[in-house]
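There are 2 protein chains.
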Amino acid sequence: MIELDVPSGRPARFATPAPGDPRLARLSLNQRTTQRWSVLEAVEGCVAAGIPSIGLWREQIAEYGLDRSCRAVARSGLRVSSVCRGGFLTGPAADHERAMSDNRRAIDEAAALGAGCLVMVVGGLPEGSRDLPGARRRVEERIAELTVYAAERNVQLAIEPMHPLFCADRGVISTLRQALDLAERFPSEQVGVVIDTFHVWWDPDLPELIARAAGRIAAFQVCDWITPFPADALLSRGMMGDGHIDFGSFSSLIQLAGYRGDIEVEIFNAEIWAAEPSSTVATLARRYIEHVLPA
Amino acid sequence: MIELDVPSGRPARFATPAPGDPRLARLSLNQRTTQRWSVLEAVEGCVAAGIPSIGLWREQIAEYGLDRSCRAVARSGLRVSSVCRGGFLTGPAADHERAMSDNRRAIDEAAALGAGCLVMVVGGLPEGSRDLPGARRRVEERIAELTVYAAERNVQLAIEPMHPLFCADRGVISTLRQALDLAERFPSEQVGVVIDTFHVWWDPDLPELIARAAGRIAAFQVCDWITPFPADALLSRGMMGDGHIDFGSFSSLIQLAGYRGDIEVEIFNAEIWAAEPSSTVATLARRYIEHVLPA
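Order-wise, the sequence lines are chains S and L.
Taking my numbering, I'd label the letters of the first sequence as residues 1 to 295.
Taking my numbering, I'd label the letters of the second sequence as residues 1 to 295.
Quick caveat, the hints were computed from the structure, so don't treat them as lab data.
Positions of the beta carbon are idealized from the N, C-alpha and C atoms, including for glycine.
Hints should not be assumed to be uniformly reliable.
What the hints assert, rightly or not - Computed spacing ranges between beta-carbons, pair by pair:
{"no.": "1", "chain 1": "L", "residue 1": "Glu-141", "chain 2": "S", "residue 2": "Ile-2", "range": "42 to 50 Å"}
{"no.": "2", "chain 1": "S", "residue 1": "Gly-248", "chain 2": "L", "residue 2": "Ser-188", "range": "22 to 30 Å"}
{"no.": "3", "chain 1": "S", "residue 1": "Pro-133", "chain 2": "L", "residue 2": "Leu-234", "range": "47 to 55 Å"}
{"no.": "4", "chain 1": "L", "residue 1": "Glu-97", "chain 2": "S", "residue 2": "Phe-14", "range": "51 to 59 Å"}
{"no.": "5", "chain 1": "L", "residue 1": "Glu-140", "chain 2": "S", "residue 2": "Ala-25", "range": "39 to 47 Å"}
{"no.": "6", "chain 1": "S", "residue 1": "Glu-184", "chain 2": "L", "residue 2": "Gly-248", "range": "29 to 37 Å"}
{"no.": "7", "chain 1": "L", "residue 1": "Gly-258", "chain 2": "S", "residue 2": "Glu-184", "range": "46 to 54 Å"}
Chain S extracted, bound-state conformation:
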């Protein structure tokens, strides 16, 4: 049988790796890549494909239940590379307590699941505001406040720089430099950074910034930058190899920075979400080996 890649429909260049293949030892499925799967289905999908780690999303955790999610993960033997996501900390003072309380719940969930980190998407400009420096200051203050709660529960907060495309509406931390400037105020076990190829691949200072991130890389997430840019900016990510990112160089930089943790495949893409999730998982395992796996 010819294996076809999702979503391109092209014949696969590599055979799908079998469970136990040592090349999969660091691969993690971020659950959003297989959007239709529940926590249980995603866990079972990873086990079936020999993927040893998973990144879980709070919406799906809530749907399936936190306790049941913890039990499913424990039974499976999977690692939880991350919980996505906390953050959205830029709101006005009136929103402060609601946002902090939601983030404390996110920290509790990450702790219960034994997750490697809680990914923080810090939030964009508040409704009607054009005060970008002000929003950035609020992020700093609120991360500092949350760090106390997270440290008591041994949860590492992972600041995710978001592509400048999302500065207005999702994340005012736009570069790895900014994320590091913030993270470095805290012990590394308390605050790290997420390096997502989609968000930072364009940065001309990437080599020096990834080197600087040594010891601070809480999560490494991969997907491709594709063109033409899809109509829905939130679903504009591609399968590795379908776009413009040089994953080989990227993985080398991450490796040189000493990171040996999981590599999460996180793809927001309408075509991939429409595909059969197990086919998506087979494709991403092949593409991971072909493009991403550190040499």
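Start from chain S and add chain L according to the hints.
Below, chain L without anything else, positioned relative to chain S:
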């Protein structure tokens, strides 16, 4: 009569300034904002609205004819704040001579029109390439080569950092820092930078970078960043005041850097292009005074 803003259809907050209004003294219409107008129509539209400067596009110059464009501009007394655009310099060696020849023609046109500068959109990754550092190196080499030709004709090349959104397909110079690093290798009368609010508003280092750009700002272009992000990324720009950019702070930084040149309104937006160009011009003149005009 109630004046309505384009494209929002809301009543205008300011009366349309009359020709001769000193607040318009630095306003320039970038021709792409009134996409449907020919060079002649755009020139006449500026004169009618009391806008003393215009940024012209090569496609429209070619349609109307270079000589006729020069005569129309000369008769009108308008300044030509910029010609858009040269660049697209990242292609493979086989494309080198075609690209350079096209850029030399662009320089000739800018010289003939007495333009303040030639805007350079440097180009994205070549087809099939993922070598971003290589593409950036080619830009440097080819700008150096073009500078000789441009200097002989007294045309300033203006490097435009493009929003990282366009790194793959339009411009591998992604930050003002990169543009300055490149421009500063040359005398400032030969190579400057374009600061376009849309491309750089998100940059956390903006204040220090604009200060560093003092004496190098060849053009200042304005439009807004709007959300939700439009389906066509190339047409995703908004009328000033309809989005998230703090133009007041921006103009102050530019003013502090000593820039006293024209301020071009350049908006790529399907709704604005569908509107009656003279209404668009009236709106942008009002919005310029309301939001952009340096204090």
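Hints, verified against the model:
1. L:Glu-141 to S:Ile-2: 42 to 50 Å: 44 Å, holds
2. S:Gly-248 to L:Ser-188: 22 to 30 Å: For Gly-248 (chain S) and Ser-188 (chain L) the Cβ distance comes to about 39 Å; the hint is violated.
3. S:Pro-133 to L:Leu-234: 47 to 55 Å: 29 Å, violated
4. L:Glu-97 to S:Phe-14: 51 to 59 Å: Roughly 39 Å apart at Cβ, these two residues miss the hinted range, so it is violated.
5. L:Glu-140 to S:Ala-25: 39 to 47 Å: 40 Å, holds
6. S:Glu-184 to L:Gly-248: 29 to 37 Å: Since Glu-184 (chain S) and Gly-248 (chain L) have Cβ atoms about 32 Å apart, the given range 29 to 37 Å holds.
7. L:Gly-258 to S:Glu-184: 46 to 54 Å: Between Gly-258 (chain L) and Glu-184 (chain S), where Cβ atoms are some 34 Å apart, the hint is violated.
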